[in-house]
Amino acid sequence: MPVTTIAGADVTVDEEGFMTEYDEWSEDIATELASNIGIELGETHWQVIKFLREDYKEQGETPMLRRVSNVGGVSTKELFQLFPKKPAKKMSYVAGVPKPHGCV
Amino acid sequence: MKRLLVLGAGTAGTMVANKLRPLLDEREWKITLVDQNETHYYQPGFLFLPFGGYKREELEKPKRRFVPAGVELMMAEIDLVEPESNVVKLTDGTELPYDYLIIATGTHPTPAETPGLGEDKWYESIFDFYTIDGAEALAEKFETWEGGKLVVNIIEMPIKCPVAPLEFVFLADAFFAERGMRDVVKIEYVTPLPGAFTKPVAAKYLGDMLDDRKISLESDFFLERVDTDDNKLVSYDEREVEYDLLVTIPVNMGAEYIGRSGLGDELRHVPVDKGNFLSTKHDNIFALGDAAALPTSKAGSVAHFAVDIFTENFMDHIHGRPMREEFDGHANCFIESGRGKGMLIDFNYDTEPLPGKYPLPGVGPFSLLQETEANHWGKLMFKWVYWNVLLEGRAMPIPALMSMAGKIREEVR
Numbered sequence: 664m665p666v667t668t669i670a671g672a673d674v675t676v677d678e679e680g681f682m683t684e685y686d687e688w689s690e691d692i693a694t695e696l697a698s699n700i701g702i703e704l705g706e707t708h709w710q711v712i713k714f715l716r717e718d719y720k721e722q723g724e725t726p727m728l729r730r731v732s733n734v735g736g737v738s739t740k741e742l743f744q745l746f747p748k749k750p751a752k753k754m755s756y757v758a759g760v761p762k763p764h765g766c767v
Numbered sequence: 003m004k005r006l007l008v009l010g011a012g013t014a015g016t017m018v019a020n021k022l023r024p025l026l027d028e029r030e031w032k033i034t035l036v037d038q039n040e041t042h043y044y045q046p047g048f049l050f051l052p053f054g055g056y057k058r059e060e061l062e063k064p065k066r067r068f069v070p071a072g073v074e075l076m077m078a079e080i081d082l083v084e085p086e087s088n089v090v091k092l093t094d095g096t097e098l099p100y101d102y103l104i105i106a107t108g109t110h111p112t113p114a115e116t117p118g119l120g121e122d123k124w125y126e127s128i129f130d131f132y133t134i135d136g137a138e139a140l141a142e143k144f145e146t147w148e149g150g151k152l153v154v155n156i157i158e159m160p161i162k163c164p165v166a167p168l169e170f171v172f173l174a175d176a177f178f179a180e181r182g183m184r185d186v187v188k189i190e191y192v193t194p195l196p197g198a199f200t201k202p203v204a205a206k207y208l209g210d211m212l213d214d215r216k217i218s219l220e221s222d223f224f225l226e227r228v229d230t231d232d233n234k235l236v237s238y239d240e241r242e243v244e245y246d247l248l249v250t251i252p253v254n255m256g257a258e259y260i261g262r263s264g265l266g267d268e269l270r271h272v273p274v275d276k277g278n279f280l281s282t283k284h285d286n287i288f289a290l291g292d293a294a295a296l297p298t299s300k301a302g303s304v305a306h307f308a309v310d311i312f313t314e315n316f317m318d319h320i321h322g323r324p325m326r327e328e329f330d331g332h333a334n335c336f337i338e339s340g341r342g343k344g345m346l347i348d349f350n351y352d353t354e355p356l357p358g359k360y361p362l363p364g365v366g367p368f369s370l371l372q373e374t375e376a377n378h379w380g381k382l383m384f385k386w387v388y389w390n391v392l393l394e395g396r397a398m399p400i401p402a403l404m405s406m407a408g409k410i411r412e413e414v415r
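Sequence order for the protein chains is L and U. As numbered in this note's numbering, residues 664 to 767 make up the first sequence, in order. As numbered in this note's numbering, residues 3 to 415 make up the second sequence, in order.
Worth flagging that the hints you see were computed from the coordinates, not collected in a lab. C-beta atoms are modelled at their ideal positions from N, C-alpha and C, and glycine is treated no differently. Possibly wrong hints are sitting among the right ones.
[Unchecked claim] Straight-line distance between alpha carbons at most 30 Å, and here's what the computed DSSO-like set of lysine-lysine pairs gives:
id, chain 1, residue 1, chain 2, residue 2
1, L, Lys749, U, Lys234
2, U, Lys385, L, Lys762
3, U, Lys201, U, Lys385
4, L, Lys740, U, Lys385
5, L, Lys762, U, Lys276
6, L, Lys748, U, Lys385
7, L, Lys753, U, Lys276
[Said to hold, decoys possible] Here are some chain U residues pointing at chain L (derived, C-beta under 7 Å):
id, residue
8, Glu115
9, Asp222
10, Tyr238
11, Asp239
12, Pro297
Work the whole structure out from these sequences, hints included.
See the structure below:
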């Protein structure tokens, strides 16, 4: 896996630029990852990111939009406003957790 | 006397009862199968029904026929599972205690999850084809439809048989061409996925097939509601797609009792270990087939491979030994592409569908990710195999775990 520098830290990423090491993540890294995809993080963004990280740690997998909405308390509609076009992919990218399973 | 309780006498439940009965001593083990419907449908056949390919009678058989001697079948509705006391409650008040429980009640299209579906225009201008009633109603609609814009929409993944919506548009293209009205039918495929399919190699092949057939693709479309007054789909990010005839694949959810019993995820699918199907919460509960929350296709082929692995593991588990077999998520699906041809894909948790030959490397007779007549005949033949070999748990001449032999690695740029 390639290692790159984000917000002054060495970070392991996959070929799509998704972080692969949960513990390498920091809030500064998240801010930079978000700005890479044109997003400035506000309060609700952070709520989503924190839910994603906690839920991933507990469940061992990245929650789908439905779970972020039902359990994390941010509606799907809002998620599309916060992370336009591809919320599932974008929010996991910023939160440093794997892309949710593209269930075949 | 110990009791193994199997909920659901569909593909997975029937197979597992057939496999386990000869292995569990009848003096020691009672096996009870619970289901609420008498009829077993050959679900892969639903796809062909709207295009006049099958009639209802050809796709149904009594479930009882596939229940082996020595297995008790109860026709009843399940109310609740109480994992703490190892009891299943039926809606008629009966309580069924169990030592081991296998949940195999599948997943079901749930139109009520989406505003606009299952309401006033249901089976008038909006149809599903994953139910026998929906598929039949659509066949009737197609008989007199004069053309316009046909939209096929997947609302949310996962769905069972995830290639069927693509097969549906391929078959629709061929069907309307044959009727000499393809020029008055526009076909659009609207999906929440980033492309025609999830995995890159197959998505490229299948995307090209959509292009060849002049079927337009609207991707990353996450449906919020269907506006049945103005005949349009509205996404969460406020994109709109108009239709004259909508064929929807509603949100798929597990049985309601799973939700009530606290055993499911948001979609009422049961979280299990993806290698051995043991519930992540309870050491004597397993979930098999579509009912399980697994990162692979919800399909009969997966259930079949999974049950092979499960049987050996279950014998280990009840004797207190560690479960030695590990399921790899193996799935294979024929993809009907219209005009007498079909494709085949074979894949697992880690390996995406790749081109090649199957099951014999270099020989076939089936070709992976390629349209051939042999694949089409394989798909049709499978109905016989399903009723006569698969459900009764007889041995199939293909291994349960996926093999790389015969597959060709390919990079997509």
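Do the hints match the structure? See the list:
1. Lys749/L with Lys234/U: Between Lys749/L and Lys234/U the Cα gap is close to 21 Å, so the pair holds against 30 Å.
2. Lys385/U with Lys762/L: 36 Å, violated
3. Lys201/U with Lys385/U: Satisfied, since the Cα-Cα distance of roughly 27 Å is no more than 30 Å.
4. Lys740/L with Lys385/U: 42 Å, violated
5. Lys762/L with Lys276/U: Given pair Lys762/L, Lys276/U holds - Cα atoms ~18 Å apart, limit 30 Å.
6. Lys748/L with Lys385/U: With a Cα-Cα distance of about 41 Å, the restraint between Lys748/L and Lys385/U is violated, given a limit of 30 Å.
7. Lys753/L with Lys276/U: 26 Å, holds
8. Glu115: 10 Å, violated
9. Asp222: 6 Å, holds
10. Tyr238: 4 Å, holds
11. Asp239: It holds, given that the least Cβ distance between Asp239/U and chain L is near 4 Å, below 7 Å.
12. Pro297: 4 Å, holds
In the structure shown, a violation is registered for the earlier hints numbered 2, 4, 6, 8, in ascending order.
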